[in-house]
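Colleague: Chain residues, written in single-letter form:
Protein chains: 2
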Amino acid sequence: MTKPHLTPDPHFLSATAARAAMDSGRLDSETLLKACLTRISLRQPAVQAWEAVERQDSVQRAMALDKIARQSPLHGIPVGVKDLIETAALTTSYGSPIYRGHKPGKDAACVKALVANGAIVLGKTVTTEFAYFTPGPTTNPHGLDHTPGGSSSGSAAAVADGQVSIAIGTQTAGSVIRPAAFCGIVGYKGTSGWAPMDGIKPLSPTLDTLGFFARAVADLDLIRRAFGNKPIAGLAEAPSGPPPRIAFCRTAWWDRADEDTKRLFERVVVKLSKEGARIGQYDMPPEFEGLNDAQLAIMTKEAARGFVEERKFHAEKLSPQFRELLEKGDAIGIREETAAKALATKCRNLLSHAFRDFDLLLTPAAPGAAPKGLERTGDPVFNRAWTLLGNPCIALPAGKNADGLPLAVQLVGPSGEDAEMIRHAAWVEAALRD
Amino acid sequence: MTKPHLTPDPHFLSATAARAAMDSGRLDSETLLKACLTRISLRQPAVQAWEAVERQDSVQRAMALDKIARQSPLHGIPVGVKDLIETAALTTSYGSPIYRGHKPGKDAACVKALVANGAIVLGKTVTTEFAYFTPGPTTNPHGLDHTPGGSSSGSAAAVADGQVSIAIGTQTAGSVIRPAAFCGIVGYKGTSGWAPMDGIKPLSPTLDTLGFFARAVADLDLIRRAFGNKPIAGLAEAPSGPPPRIAFCRTAWWDRADEDTKRLFERVVVKLSKEGARIGQYDMPPEFEGLNDAQLAIMTKEAARGFVEERKFHAEKLSPQFRELLEKGDAIGIREETAAKALATKCRNLLSHAFRDFDLLLTPAAPGAAPKGLERTGDPVFNRAWTLLGNPCIALPAGKNADGLPLAVQLVGPSGEDAEMIRHAAWVEAALRD
Numbered sequence: 004m005t006k007p008h009l010t011p012d013p014h015f016l017s018a019t020a021a022r023a024a025m026d027s028g029r030l031d032s033e034t035l036l037k038a039c040l041t042r043i044s045l046r047q048p049a050v051q052a053w054e055a056v057e058r059q060d061s062v063q064r065a066m067a068l069d070k071i072a073r074q075s076p077l078h079g080i081p082v083g084v085k086d087l088i089e090t091a092a093l094t095t096s097y098g099s100p101i102y103r104g105h106k107p108g109k110d111a112a113c114v115k116a117l118v119a120n121g122a123i124v125l126g127k128t129v130t131t132e133f134a135y136f137t138p139g140p141t142t143n144p145h146g147l148d149h150t151p152g153g154s155s156s157g158s159a160a161a162v163a164d165g166q167v168s169i170a171i172g173t174q175t176a177g178s179v180i181r182p183a184a185f186c187g188i189v190g191y192k193g194t195s196g197w198a199p200m201d202g203i204k205p206l207s208p209t210l211d212t213l214g215f216f217a218r219a220v221a222d223l224d225l226i227r228r229a230f231g232n233k234p235i236a237g238l239a240e241a242p243s244g245p246p247p248r249i250a251f252c253r254t255a256w257w258d259r260a261d262e263d264t265k266r267l268f269e270r271v272v273v274k275l276s277k278e279g280a281r282i283g284q285y286d287m288p289p290e291f292e293g294l295n296d297a298q299l300a301i302m303t304k305e306a307a308r309g310f311v312e313e314r315k316f317h318a319e320k321l322s323p324q325f326r327e328l329l330e331k332g333d334a335i336g337i338r339e340e341t342a343a344k345a346l347a348t349k350c351r352n353l354l355s356h357a358f359r360d361f362d363l364l365l366t367p368a369a370p371g372a373a374p375k376g377l378e379r380t381g382d383p384v385f386n387r388a389w390t391l392l393g394n395p396c397i398a399l400p401a402g403k404n405a406d407g408l409p410l411a412v413q414l415v416g417p418s419g420e421d422a423e424m425i426r427h428a429a430w431v432e433a434a435l436r437d
Numbered sequence: 004m005t006k007p008h009l010t011p012d013p014h015f016l017s018a019t020a021a022r023a024a025m026d027s028g029r030l031d032s033e034t035l036l037k038a039c040l041t042r043i044s045l046r047q048p049a050v051q052a053w054e055a056v057e058r059q060d061s062v063q064r065a066m067a068l069d070k071i072a073r074q075s076p077l078h079g080i081p082v083g084v085k086d087l088i089e090t091a092a093l094t095t096s097y098g099s100p101i102y103r104g105h106k107p108g109k110d111a112a113c114v115k116a117l118v119a120n121g122a123i124v125l126g127k128t129v130t131t132e133f134a135y136f137t138p139g140p141t142t143n144p145h146g147l148d149h150t151p152g153g154s155s156s157g158s159a160a161a162v163a164d165g166q167v168s169i170a171i172g173t174q175t176a177g178s179v180i181r182p183a184a185f186c187g188i189v190g191y192k193g194t195s196g197w198a199p200m201d202g203i204k205p206l207s208p209t210l211d212t213l214g215f216f217a218r219a220v221a222d223l224d225l226i227r228r229a230f231g232n233k234p235i236a237g238l239a240e241a242p243s244g245p246p247p248r249i250a251f252c253r254t255a256w257w258d259r260a261d262e263d264t265k266r267l268f269e270r271v272v273v274k275l276s277k278e279g280a281r282i283g284q285y286d287m288p289p290e291f292e293g294l295n296d297a298q299l300a301i302m303t304k305e306a307a308r309g310f311v312e313e314r315k316f317h318a319e320k321l322s323p324q325f326r327e328l329l330e331k332g333d334a335i336g337i338r339e340e341t342a343a344k345a346l347a348t349k350c351r352n353l354l355s356h357a358f359r360d361f362d363l364l365l366t367p368a369a370p371g372a373a374p375k376g377l378e379r380t381g382d383p384v385f386n387r388a389w390t391l392l393g394n395p396c397i398a399l400p401a402g403k404n405a406d407g408l409p410l411a412v413q414l415v416g417p418s419g420e421d422a423e424m425i426r427h428a429a430w431v432e433a434a435l436r437d
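First to last, the sequence lines map onto chains H and V. Start counting the first sequence at 4; every next residue gets the next number (the numbering used here). Start counting the second sequence at 4; every next residue gets the next number (the numbering used here).
Same shape as in the complex, but just chain H:
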């Protein structure tokens, strides 16, 4: 018996749309998995998003899931796992030759949560070396000679290119929001501490935060439900409730945004305003200007503290850039580190007060579209401060530049209010799409 009305190109559906297609019998997980695998075979030579792909086991799991009732939020949805994150079946190299072939022997807590909620691990995606700046081979599917961003390079490129429905990333400076922006997909970094980090190689424990790539804001709800959060009502349908109160925030680093980006925000502000959002402005208090340096100090110091063994026994296998990071970390003193943390605490209080007057900050996700060249992953200047403050962030696609490369905006919400923020982000997503 052939299946009627099969969904075309299911590998380009959002997870929410794939679920709906499965619920109505137009799609099953096996078909979705095989479509992803075909796409990977076709595109891996050009995009190089994957370290390893789990072909046989993933199809078998899809077939098994197709035989049982769909109850879990991610039932039958394929997911890519950044190779910084440990998996039982596949090797985990953390993007470093030191760990080539490394088998930690068990799944990271976040992988366990996804699998327990029906997701199918399709494979491991390319990460930069230890989630820092030295890139792997991944390219940007929108322009193969442009960076996909990093450190979650493979996860962003694979989701953008129709190779997997959703993928896991981590962000210490700008490793989720920036690649999502460069690849033209939705990126989500939750409130600091929103998800467990067990089984993820730390770069900077104070800053490292789990994130996800997806093709629709509604998918973030499915993902968050896998971590025990309640469903957000009415998200898959047309967004309900009053339009959000939005504050446009140029940040202290506005002069680092290129002309594409500056013009983009002019358009976006007009558009959102026309759709009914109340748009105000948030001028960062002067204290915030120190946050990027504070983030850098904490990240650098904590990296130097964490990579003792690698440096002692395998220094020759570390990239010069990573070695330099660790050396800089050695030179950072207690005063600088504690002052950086104290500044973050102060600014968290200031921002928390400011969020009484609006629901979302609207701010750049990156200085511009993905830069040309694969030797760098772009500048996290518009990400560092928010990661340090710990607020939830979402990157949303917002058109393309003259070269056909994606542009994006970033939304920042109040800490801990991820669900409400996602609801508002779905409103913005719909407003920008119309």
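FYI, nobody ran anything at the bench for these hints, they're computed from the structure. Possibly wrong hints are sitting among the right ones.
Copies of the same chain are indistinguishable here, so a pair counts whether it falls within one copy or spans any two.
To be verified - Distance condition first, Cα-Cα at most 30 Å in a straight line; then the derived DSSO-like pairs of lysine-lysine:
1) 331 with 233
2) 320 with 109
3) 115 with 233
4) 349 with 115
5) 349 with 37
6) 115 with 331
7) 109 with 403
8) 109 with 331
9) 70 with 115
10) 315 with 109
11) 109 with 37
12) 375 with 109
13) 233 with 320
Given the coordinates of chain H, assemble chain V onto it according to the supplied hints.
Modeller: Same frame as chain H, now just chain V:
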């Protein structure tokens, strides 16, 4: 030549008073050190505050420091180091037989900071097993059959008993504020992240926070200066500026406070009001009721995550109580842990907003005076929530009960505003003393 006008009992002076006596030539560090060592010899059999005492080296360092100009904030001041904290010269057992005789080979970052600022490490003080509940032999100097509190038992008892000027503690639930209250001294737990935790055995990395015991609020300024903070103006003299705006907070656990404590707060509120403080009331929002359980869940889970090796190879040397903690941690799921962290984030925002209307919360430090018996260290019910929220806390002595055991109040300040909070706490200290 004999020294004129020698200060009597220098080992009972606050660090601030000892410094003043040194500056005016009435005291030198060698004399102070030897007075402490004599007091330790006399009292160690009864109080048992010390794991190890550095007799020779500390006197030699004092003599050397007496020969050079006094510039550092803690120049020549003896300090006790909780045996959870690693030291180069002395062994570090973390309160566990597993680590008897353990020599980590270097000083923890906080020890380095103190020593670089002139402090003299006098020795290692008794900690409970891995800073959890199983006590060492230390007694309460105000009543030898009463607990000194824990986990920083030895540090609190030694400072209270005139054996050392200041001492380091750590707090994960109530391990600084509670023993300070039970021993009748000043206890300080800084804003979460205020000081580096390198070289301190983690119990729960999210919660573990450095703290100190001292005999005067002004000493906290000397200590904080050793960590790179600016001096707080005018603290050593009579407190200046307008009286603080204080909110009395019974907390959700007020029915756990005994009659001594309830009457104490009636007296204290009247007294502070009479001295000119503006006293209001802060009723915890209902969400806060879950914070103690949230703290417990995070601590328990993180302990189970951290003590893998000890459990695998030395389970028989763990106390039944600690083994039970780790087993409970295994049973805590991702949902519970992430929900606990989400609740903390929510309550941090609520409290941050509330602190716009007052400078300090006034709240119990413990349910009552130190309970009788040495097999338990007392109940951290009035400490768990603040540790999880990360706000700075100070325990202040406030008289004694009918049995001659110390009573105390706790002050809680806005996160990151430690310096301002210490200035206000000095006002409260003076007001309660008058």
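Colleague: Tell me, which hint numbers fail for this structure?
Modeller: As far as the earlier hints go, 5, 7, 12 and 13 are violated by this structure, in ascending order.
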